[in-house]
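Undergrad: The chain contents come next:
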Amino acid sequence: MKFGLFYELSVPRPWTRESERTVYNNALEQVKLADELGFDQVWAVEHHFLEEYSHCSAPELFLTACAMITKKIRVGHGIVVCVPEFNHPIKIAERTAVLDLLSGGRLEVGTGRSATWTELGGFRTHPDTTKKSWDEFVRCLPKMWTTETFSYEGEFWSMPPRTILPKPYQKPHPPLWVAVTSAGTELDAADRGLGSLGLTFAGFAEQEQKIKEYRRRIQLCNPVGDFVNEQVNTVNFLFCHEDDAEGCRIGRHMATTFNYLASQLVSAREAFPSKSYKSLGLLPQLRRQAVGPDSQGEGAEGLALGNPERILRAVKRWESVGVDRINFLLNCMEEIPQEQVLKSLRLFAKEVMPHFQPLATPATTPVGSAAQ
Amino acid sequence: MPLFGQLNLQSVLARLPEMQDFETEPWELPGADILQLSFEVGQERADASLPSALHPAVPRYVTCVISHFPQTPVGPFHLAQLRLMGRAGVHPRGYVLQAYSDAPAAAQALRQRWGFPVELAAEVVLRTHYDRVFATVVKDGQTILDVALSQSETVSGADIQYISSVHLVQVTSIDTPGPRLVQVDPRYTFHRAERGRPVLQYLDEAAWHCEGFSVVHTIVGSLTSVDTDLPRIRFVMDPEVPVVQGTTRIH
Chain B
1 MKFGLFYELS
11 VPRPWTRESE
21 RTVYNNALEQ
31 VKLADELGFD
41 QVWAVEHHFL
51 EEYSHCSAPE
61 LFLTACAMIT
71 KKIRVGHGIV
81 VCVPEFNHPI
91 KIAERTAVLD
101 LLSGGRLEVG
111 TGRSATWTEL
121 GGFRTHPDTT
131 KKSWDEFVRC
141 LPKMWTTETF
151 SYEGEFWSMP
161 PRTILPKPYQ
171 KPHPPLWVAV
181 TSAGTELDAA
191 DRGLGSLGLT
201 FAGFAEQEQK
211 IKEYRRRIQL
221 CNPVGDFVNE
231 QVNTVNFLFC
241 HEDDAEGCRI
251 GRHMATTFNY
261 LASQLVSARE
271 AFPSKSYKSL
281 GLLPQLRRQA
291 VGPDSQGEGA
301 EGLALGNPER
311 ILRAVKRWES
321 VGVDRINFLL
331 NCMEEIPQEQ
341 VLKSLRLFAK
351 EVMPHFQPLA
361 TPATTPVGSA
371 AQ
Chain S
1 MPLFGQLNLQ
11 SVLARLPEMQ
21 DFETEPWELP
31 GADILQLSFE
41 VGQERADASL
51 PSALHPAVPR
61 YVTCVISHFP
71 QTPVGPFHLA
81 QLRLMGRAGV
91 HPRGYVLQAY
101 SDAPAAAQAL
111 RQRWGFPVEL
121 AAEVVLRTHY
131 DRVFATVVKD
141 GQTILDVALS
151 QSETVSGADI
161 QYISSVHLVQ
171 VTSIDTPGPR
181 LVQVDPRYTF
191 HRAERGRPVL
201 QYLDEAAWHC
211 EGFSVVHTIV
221 GSLTSVDTDL
231 PRIRFVMDPE
241 VPVVQGTTRI
251 H
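Chains as they are written, first to last, in the working numbering: chain B, 1 to 372; chain S, 1 to 251.
Since the hints were made in silico from the structure, they are not lab data. Check before you lean on any hint, since a few could be wrong.
To be clear about the criterion: a stretch of chain S counts as covered by chain B if any three or more of its residues have a C-beta under 8 Å from a C-beta of chain B, and this derived list gives those stretches [said to hold, decoys possible]:
1. 52 to 59
2. 153 to 165
3. 214 to 223
Computed from a prediction, not measured in an experiment: that's the story for all the values here. Glycine included, C-beta positions come from ideal geometry on N, C-alpha and C.
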C-alpha cells in the first residue's frame with residue numbers, strides 16, 4: 001500500500017487577491033511535509049471554470065512546483081484532459097516529458113476526458129466525441145514519448161513526421177492511468193493496460209467488485225504503452241486526530257463540504273444527452289452523502305477520518321479488497337486550518353503508515369508478459 | 001459556499017398562484033410529446049430571478065419545455081414552460097419562471113392543484129415539419145415564443161435526463177400562510193427520443209419574466225415521446241432559506 005495526496009485546490013468566496021495564492025501555498029507546504037514524511041505521490045486535477053470547487057486549471061505548473069521543493073514524492077496528473085479543444089496531444093507529450101525531466105523521473109500521467117457541461121461547453125467540445133478522442137490520445141502518447149520520429153493521422157488530430165522533444169526521463173516512459181468515475185471505465189483501463197485511477201468514494205463491496213473485474217480483464221489486455229500498469233489507485237479523505245470524535249467531526253465536515261460543492265457541478269449528462277455520458281459519474285453518490293455543509297450524519301464507509309486506530313482499520317480494509325494506493329484529500333475550501341492539516345498528516349505518518357509496507361517492486365510488467 | 005439566488009420575493013408575490021394546501025391527486029399523462037431546448041444565459045439577471053433558497057447553475061442556463069398531453073383528466077392540452085436551472089441543495093432543479101397552456105381547464109387545474117404559474121394563451125403549438133420541430137406560443141394576438149429543434153437525430157431515451165421543477169406559490173391557509181417553493185417530480189417512460197440543435201427565434205422577455213436575460217450560448221434540444229405524470233406534491237420549501245434547512249416533506 002502506498003499513500004499520496006490529491007488536490008482539487010478549492011477556493012472559497014470571496015476571492016481576494018491573496019485567497020488563491022494562499023490555497024496554492026498551503027498545498028505546497030503540505031506536499032513538502034508529505035515528502036519528508038514518506039508519502040509516495042501527489043496528484044493534481046485539471047479542471048476549468050469550476051467556481052470554488054477547483055481552481056486547478058494548470059496542474060503541470062503546480063506539479064512542477066511540487067517537484068522542485070521535494071526529493072522523492074512522485075507527481076501525478078490526475079488527470080490530463082485528453083480532448084483536443086482542451087489540450088493538444090503534442091503539447092501533452094512535451095509538457096509531461098519536461099515535467100518528468102525536471103522531477104528526475106517522478107511523473108505519473110493520469111488521463112481522462114472531463115465530465116461537466118461547464119467545462120465541455122466552455123471549450124465548445126461535443127460530448128459525443130470525448131471518449132473517442134481520449135482513446136486516440138492514450139494510444140499516441142507512449143509512441144510520442146518513445147519513438148524518435150512520430151507521425152499520425154487520426155479522427156481527432158494528425159501530424160506529419162516530427163521529432164517530439166524532449167523525451168521523458170523514465171524509460172520506457174512514465175506510468176499511464178485512467179480516471180475512473182463512470183461505471184465501466186475501469187474496464188477501459190484494463191483493456192489498454194492502464195492503471196485505474198479511482199476518483200470516487202465508493203464503498204468496499206462496489207470497489208472490490210470493480211477491482212476483481214479490472215484485474216481479471218487486464219490479464220488479457222492489449223497495452224497501449226510499453227508496459228502494463230496494473231495498479232488500483234483510489235481517493236479518500238484524511239483527517240487524523242488523537243481524539244476520535246473530534247477527528248470524525250472535523251473530517252466529516254470537510255467531506256460533506258466537498259460533496260456539497262461537487263454536487264453543484266452541471267454534469268455533461270444533465271445538460272446534454274449523449275451516449276458518451278451514460279451515467280452521472282460520481283455525482284449520485286456524492287448527492288446521497290451530501291445533505292449539507294452542516295451535516296453531522298455518518299459519512300460513507302471507509303473514509304480515513306477519526307483517530308489513528310479507526311483510520312488504520314479503514315485502510316486495512318481497502319488493502320484487503322485490492323487497492324494498491326490511496327490518495328487523500330486533506331482539506332476543502334480551507335475549512336480546516338493549515339496547522340491542523342499538517343498535524344493530521346504527521347499523526348497519520350507516525351501512527352498509521354508504519355503498518356503498511358510499500359510494494360517491494362512496482363506492479364508494472366513489460367508488454368507481452370501480462371498474459372503469461 | 002456556492003452562490004444563492006437573489007430574487008426579491010416581494011417583487012413577485014402579487015402574481016403567484018394561491019394554494020390552500022398541498023393535497024392533490026396525481027394525473028397519469030400517457031403519450032406525451034416533450035420538446036426541451038436549453039440555452040446558456042447571462043449571470044446577473046438570472047441570479048436576480050432565482051429564489052434565494054436555490055443555488056444558480058454554473059453556467060447559468062434556461063430550458064424551454066413545450067409539451068403536448070393528448071390524454072389527461074381535463075382533455076388534451078399543450079403546456080409551455082420557461083425554467084431557470086439551479087440547485088436545491090445538492091439536487092438540480094428547474095425554477096419555473098412562467099408557463100402557458102392553451103386549454104382553460106388545464107390552466108386552471110395546474111394552477112390550483114399544483115400551483116404552477118400558468119396563464120392561458122390563445123395558442124400553444126408543437127408541430128413537426130420535414131426539417132424541424134417548432135413550437136410557438138401566442139397570447140393576446142402576439143407571438144411570445146418561437147423556438148425550434150433542427151438537425152435532429154435519434155438517441156436513446158436513456159440518454160435523456162429530465163430535471164424536476166420547482167415553482168413559487170402563495171399559501172393561503174391559516175396555519176402556514178406565505179410563499180413556498182413547490183417541487184414537482186414526474187416520472188418518465190421513454191418511447192422515442194431525438195436530439196438536435198436548439199433555435200431561439202423569439203422570446204418575449206416580459207411575458208416570460210426573464211427581462212434582461214441574454215442568450216449567450218445554445219446548448220442542445222431534444223424531442224421525446226413519453227408516458228409521464230403529474231404526481232402528488234412531495235416536497236415544499238421555504239423560498240428564502242437554504243433548502244437543506246427549509247424543506248418540508250408532504251408525502
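Undergrad: The structure should be examined with respect to each hint, and the outcome stated for every one.
TA: Status of each hint after checking the structure:
For a cut-off of 8 Å, the count of residues in the segment 52 to 59 of chain S with a CB near a CB of chain B stands at 4, and the three-residue condition holds. Here's how the segment 153 to 165 of chain S fares: 7 of its residues keep a CB closer than 8 Å to some CB of chain B, so the rule of at least three is met and the hint holds. Coverage of the segment 214 to 223 of chain S by chain B holds. Counting CB-CB distances below 8 Å, 4 residues qualify, and the rule asks for three or more.
Checked against the numbered hints given earlier, the structure satisfies every one of them.
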